[in-house]
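These protein sequences, in sequence, are chains S, E and A.
By full-length UniProt numbering, the letter at position 173 of the first sequence is numbered 173, and the numbering carries on one by one without gaps.
By full-length UniProt numbering, the letter at position 161 of the second sequence is numbered 161, and the numbering carries on one by one without gaps.
By full-length UniProt numbering, the letter at position 167 of the third sequence is numbered 167, and the numbering carries on one by one without gaps.
Honestly, the hints are just simulated from the structure, not real lab data.
Do not take every clue at face value.
[As the list claims (entries may be wrong)] Here are a few chain A residues that sit away from chain S, every Cβ distance over 12 angstroms (derived from the structure):
#, residue
1, Leu7
2, Thr68
3, His72
4, Arg157
5, Leu221
6, Pro227
7, Leu244
[As the list claims (entries may be wrong)] The calculated lysine-lysine pairs, modelled on DSS-like cross-linking and capped at a C-alpha distance of 30 angstroms, are:
#, chain 1, residue 1, chain 2, residue 2
8, A, Lys137, A, Lys181
9, E, Lys12, A, Lys78
10, A, Lys75, E, Lys12
11, E, Lys11, A, Lys137
12, A, Lys78, E, Lys11
Quick caveat, the model's predicted, so the values are computed rather than measured.
From the three backbone atoms N, C-alpha and C, an ideal C-beta is built for every residue, glycine too.
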Amino acid sequence: MLGLDYSWLADPAYQRWLLIGVVNTLKLAALSSSAAILIGMLGALGFTLRIFWLDALIELFVEVFRNTPPLLQMLFAYFTLSTLGLRVTDPSTGLSVPLLSAFACAAISLSLFGGALAIEAFRSGIETMPRSIVDAARSLGYGRWARFWRIEAPIATRICLPGLTNILTNLFKTTSQASVITVPELMYYAGQIYNDTFRTLEVMILVLLIYVALVSILTLAMARLEAFMAFPGYGRGL
Amino acid sequence: MAGFVLHYDDKKRAVQLLITLGVVVWIAVDAATGGSAYWTRVLVRLPLLLTGSATGWPVTGGFVLNILLSIASMALATALGTIMGLGTLARVGLIRVPNLLLVNFLRNSPWLVLLFATLYFLPFEMRIFGTIVPFPPFVKAVIGLALPTAANFSEVIRGAVQSVHSGQWEAARSLGYNTFQIYRHVIMQQAMRRMIPGWMNLYAPLMIATALATVTGIQDVLTILNTLLAMENERVIVYFYLTILFLFIPYCYPIAAIARRLERAVKGDSL
Amino acid sequence: MSRIEALIELDNVRKSFGDFEVLKGISMFVQKGEAVCIIGPSGSGKSTILRCINGLFPIDEGFIRVGTHRVHELKSDKAMRSLRHQVAMVFQQYNLFPHRTALQNIMMAPIQVLGHDRAEVEERARKLLKKVRLSEKADSYPGQLSGGQQQRVAIARALAMQPEVILFDEVTAALDPETVKDVLFAIRELVEEGLTCILVTHEMKFAREVSQRVCFTDHGLIVESAPPAELFDNPQDPRTREFLGQVL
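So here's chain S without its partners, still in its complex pose (with noise of 0.2 angstroms):
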């Protein structure tokens, strides 16, 4: 009925393009979520320890980086960190370039934003622990941190599991945002084998499935790892 053409998947050279962007992407969504899941759990332990102002700081970060578009942060880093003064002169040719390249600007973008959301999750993660197991704890003798790493820690991480599968597949999907950026990932190979080939619909068809099967990967993972950790005979939630 639509008539698509497929017939130029058969180029190997369309092949290897896809393949890169497919490796890139995975290379950008693990480290970009790595690094925010790390700044989760520093923003989280931030606020545990109830000191105002780091608490105030925390929370505006949060809120900037979860207030404005991802797409915007990157290009924001892209364009402009290297007019602040970001730049590093090349001892090959003697001319000034930018310090940091596309595939560096993506990363740390996509980590800070993830790392926001990611803070939030686990936050209340640690605010719906109930407050009686903490009790609990403090009357066997637990103190500060032994409470935290044997109780709490163990805890809210299973009940944070399902916000933080939230947060790295959202993370994951907004990787197609850096093509904008020119760094080679999936959808920037999209568009460049469109360009060739005018085939956009069959382009843009195939590679929304690519992105469908790898978070569904992912979401499927997760939800191995939810089943794993479990609370044995509690279902989801405490």
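Following the hints, position chains E and A against chain S.
What follows is chains E and A alone, placed relative to chain S:
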């Protein structure tokens, strides 16, 4: 004495207010000294960025277009999401399974890719019942952004309906209600309270995603920004980007904050 | 009764939450080996007394001593470690740790907090599980146990700390009627073995049978304190009479 004690949250708000004031003062100082020329450029272009026309009227694009786009998308997403959500709750597998597949497909698709796919999938115009319905880029953007939001909204509906205690179904059935009547008079009335915060929670991400609509070629704030930047020098770019970033915050933050407050209020009550 | 001999001593303890004064000067003594029940209407501060005794809540005013520990002077959980070793607590909501099995729940604190030898603790834990008649549930997780079973594991967990005193905070209030009796049976055994117990409870029949002394609290004060036969059959204070008239 108690009146003078600053509580933890008060101190926190005070610090945040100070930082915000600090940014304002910094901008003022910068505008008064070295940056004045740059800020003047931004100020001159501000009506264009906001409304799409240099004088501020009529509205042909800009940030206002992003807002209109988000509202239109939200309306469409609400309608589509309701249908999909009830579809995923259907007891007939032939209705439920395709709906679940569609919802999961849309939820796992990147917004940008979905927007591109919509852009190329929909023709310029379509003949429906003899009348020609055109699909300008704006309409395509509305549809492209509504699809993932609709899928997320259908999950909100499903969650809210499933959170109504199963005893309610049994009680209503024992009173002789049919399925449609149970949904209409019993389940939806109770689920609505749960749904509203979930529905509102979808709006801020949608508004943020309207920045992607620049790929459809509509004159949204990012498209205008790109056109402008071609005419400005490198240094001014920083000021323009900051301005746009801070257009989104005062619009999105209050809505997101209200949604979260509502969510917290609803969380406590058991249905 | 002499203050010096008492294992637990509270003197004029006051505690407020915000503007609400929950305890308005509680004084009581508990002898070693004694079982004391605290009864009274909800909101009268019963549970708060228990939480103050083991330092979960800091007090605003007054004096609390358990053995040699002056509880009101201990400021951090670290400083309270040896107090918590001496005083264990069982909660209304069981509060088992959901990520560990029944046996692990019992073994955790003795190993992680007291630093006892694992093999020795495991032997002790299995004995305690047998004592509360749950040996076959050693490897079940809290979520897989009934309320009554969870509560008995919680009692075993408290006992594993080898405490001198156990505080029971309305431990049967959240349970199904048929499982209440197993839990009460386990507690009765402990009392008969001579463990010092303070019980906040709504089970009047149980309070009468098991305790040596019953305290009636109302509006943050101990209104009346007497052996059960006396307090239940011949209450002196009109407030006690009114309360007993409602619940009995």
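- Index of numbered hints that the structure contradicts, given in increasing order: 4 and 11
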